[in-house]
Amino acid sequence: MRGQGASAPAPLSPAHIARPRGDSLALRVIAPVMRLVEIPMVACQRLLGINRLAWVFLAPNLVLFGLFAFLPVILNIAYATTGGADVLLADRPYVGVRNFALLGDCANYLDPNSCREDKFWRAVWNTTWFVTLQVGIMVGFSLLTAIILNREIRARGFFRAVFFFPVLLSPVVVALIWKWILQREGVLNAFLDWTGVGGYNWLVDADWAFGWSVFLSVWAHMGFYTLILLAGLQAIPRDVYEAATMDRASPWRVFRRITLPLLSPTMLVVLVLALIKGVQTFDEVYAFTGGGPGTATTFIIQYIYEEGFAGAPRLFGLAAAASLLVAGVLVVLTLVQLWLNRRSANG
Amino acid sequence: MGRTLAFLTATRGGARLHWTDWASYSYLFVGVFLMFFPVIWLVLSSFKTEADLQRYPPTFLPYQQQTIMLDGHADPLPLFQITDGEHEGKILAQLRRVGLRAQMVDPADPETRLTIDIADRAPVERFTLATENYTDLFGRFNFLLYFWNSTFITVTATLIMLLTNSMAAFALSKYQFRGRTVVLLLVIGTLMIPQTVVLVPLFLIVTELGMFNSLWGVIIPGAATPTGVFLLRQYMLTIPDEILDAARMDKASEWKIYWRIILPLSAPAIAVLAILAIMWRWNDFLWPLIVLTQSENFTLQLALNSFQGELQTQWSSLLAMTVLTLLPIAMVFMFLQKYIATGIASTGGK
Amino acid sequence: MTNLKLFGTTALALTLAAPAMAQEIRFMCYSDGNECEVYDDVLSRFEAANPGVDVIVDVVPYQAILENLPVQLAAGTGPDMAKITDLGGLNQYYLDLTSHIDTGYWDNSFGGTLGWYRVGERQGYYGLHSQLTITGAFVNATLFEQAGVALPGPTATWDDWAAASRAVAEATGTPFPMAIDRSGHRVAGPAISYGAQYFDADGNGSFAGFDAFAEAFVGWNNDGTFARDVWASQGGATYQDAAQEFINGQLVFYYSGSWQVGRMDSQVGDLFDWQVVGSPCGPAGACSGMPGGAGIVGFEQTQHPEIVAAVIDYLAQEDVYAEVAARTRNLPAHLGVASKGVQFEGASPAAQAALNAFAADLPDVSPIAFAYQGYPMNRAMFGITVERLSQAIVGELSVADAAARMGDDLAAALAESK
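Protein chains in written order, with our numbering: chain Z, 1 to 347; chain G, 1 to 350; chain A, 1 to 418.
The hints are simulated quantities; they were obtained by calculation from the structure and are not laboratory data. Wrong hints could be hidden among the right ones.
List of simulated lysine to aspartate or glutamate pairs, EDC-like, C-alpha gap at most 20 Å [unchecked claim]:
# : chain 1 : residue 1 : chain 2 : residue 2
1 : A       : Lys418    : Z       : Asp91
2 : Z       : Lys179    : G       : Glu50
3 : Z       : Lys179    : G       : Asp52
Generate the whole structure from the sequences, applying the supplied hints.
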């Protein structure tokens, strides 16, 4: 064992290792470091045995994770049970579940005007509608785009890049571009005037502003999901399709019977991520409409942001309580997705 | 033209076009227009002057009014095309405007002053790039230092993240041990809390650890993201266990199995995570904004946003800066995109 | 390798930063124009006169001042000094300059603005009001000329201006007669002219008397007198101005403030003549604008209180203050500088006239407006005003419901911040 660490590549059943070309360079770069780490790791392995070694592999990540992802969430729970506008937990009085009670103080949950925290409930219902529309439309178009990009077409790399490019833009810039296009004297209205249809003041109309917010967020994130789906499609073996072509199956039938079922694991990843990210939509819509007109495009994270950070006084407690409620709903929705997926896979 | 069309419409197999091909190409061209036109417009707009950016209706190309130097006038005079009245069709230089009348001269005859109704004139404009938007940036602040800070943060955070996440994913996918499910659920659970919300608690922790106002205060918390572990773990599950067993028969240490077998086989997934991590760290704004307050530590995103004041935003500088910060990340994407397409494929599997 | 080297230097810088570099002062600054550049330049003269002192101006986005600075101060990691706008709200962290400065000079020079930085027990000398702003209206004089409508006089009411602006817009085919920035600060002056009290008998914040203005304002937004785009196309407490519409000649009367002068000057250019007409009057008898602005304060956490005080006092000196005001084209809060008048650098005659008109409007500012500007809870009240008034404009709430919600929101905010 000791000798192997320092020597040239070890003979590791080469038949199994189909190493992709081009990686050998990266491997050679990291090799000296990896060999150095190997010495203590081998010692650990002797000491702990193979299965307990897993914790050693997990350790660096768990330390980082505990400190910077898990501890903040615990502190967040502490904030949710305290009141006042102070930043430091030590200065904040304990209030129990008052923040949660405040959020839930409603005569009729369907009518935000009857709630104590009417803005929270407006945001909840806006977010519900938004996520339903946005996830549906985005996943639909991502799938369509991915299927088309998966065809035998020219300049595939170019098209792929074009659809991914908006993902790279920062939310402020995305909002700015579309504001230019949609404002009263913007490009879209100039075009509509030219065609004779006549322009419209899009962003002052609550329904249109909502619709354009959905469009904008689909525009900005579609490329990401398209790429995931495209990769999923490319993993479907060619011969399955060739068999179908032999049988003269219609394109629709091929899609229903072959593509969709074989794509379902990828679809699960896409749906879970899209749902979580959809509920967490904030920056680009906030920069685009500020949540208006009125509260028509105010979503849940904007509510949290305004209560806890941007507004005055800063009600961290209320913001933290709201964020925990959202997280709770997300956990339930994710579990439902996983359960549905498992059931359809079994059935 | 015909040849381009033939090139574009031909399928790879050289067969004749099916109607689905026509539909595909139409869809793609609409898509290119919708997805790419705004981006191109952004780039062109970054070459507009501040005043031009405010104009209604917005133009596609950057224009600036033409001016002329005439003897006896210290400043260049703006040129106008006369659209109506006695001097229709001429191009005149304007001396001044008083109310609804403008005093103008014909550049060919600078001595005679003409009075023109302001409704009868239109500015003469020509395509001009306001490159000062870009050159001013370099005089304004230490661009190279901020670029270096951004690069350092991005590269270091990405490397740390790839290493720790792949190790954790290896453990979570290839070992059976008590507590595995708990760890996995914790990882997925933290996905549910948006970053905006934990900003203040995270800030207090980082301050306690003495990383405030240090690049490491951005790098290390940035490396702790649940998405990476989840993504890599799903991919590593697809690697057959027999490979590991064979290696163990050959008395390879677990660490060696990790870096000689698992890492190379996960290269596509790692490439995916790499591009995501680079994108996240490079575009990160809210977190650096709270941790870094001293200008020698600033990143490009912080410099970019410092053009936003309380009441006014200097859009021309902000757009130029946006395009500059976009270039490196766009190139990274171009370079890594082939890996992505083959990468996430198997990540979706279980 | 380079990574390791940088880690080394960062660690080194960290250990040095604490006690060894005894004379480094961090000044967190944000710019609407060239303010931070000018401070940096002026302070380099201070550094030359005080060897060993290094004042570093860190230019940050305004968001950092508004959202992150309070958190950093609470955690004890704030800068030594900063340019801020939440004048009363951060009072608990301010460094008291009293023992370091000539208080007589400060009292004579800054008079009323010193009070904006004082809260409750803490009545020392804290802030140098570096830029004074006042709200007021810009009008497109060329459109008035084109329509043949005379400009209403200095005692004209909001109704007079609304009628005149509508007449002009109609005659010239201009899309919008009037607009006012989407900000609780901007509507405060007009609301006071309509009878808003903003304080109850005990000196606590209150929206009593705000309804009259709310009713009028919502009405104007719905009948097209005011540009709906400004208030109705945004949500939350987001700030939105109408400068772009005004610059493009699509707006007759634009109620904003003195900070817009520079922008008008450079961007309107030759398109039309514009002028500043101050704040119209309201039925309550007042013709009030709303003062405001930003100030420079030191923080108690600093390691070098005497140097921070010296830096702020240096900026407060009449000649330095006058130079900064001239170069940044801001109205001076310094009474001595104001009485002598400032020759604003690079300003056109129109801009100079506009700034003078704003300065001349200061005596009309109601005492309520002055008190409101210094009230520590005013940010909360500005936010509530914007949110609820917008909801009334777009029809999510009736004006009465909006007024009731404003009262509830304020009561909740006051209770939480006790």
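_Hint check against the structure, violated hint numbers in rising order_ = none
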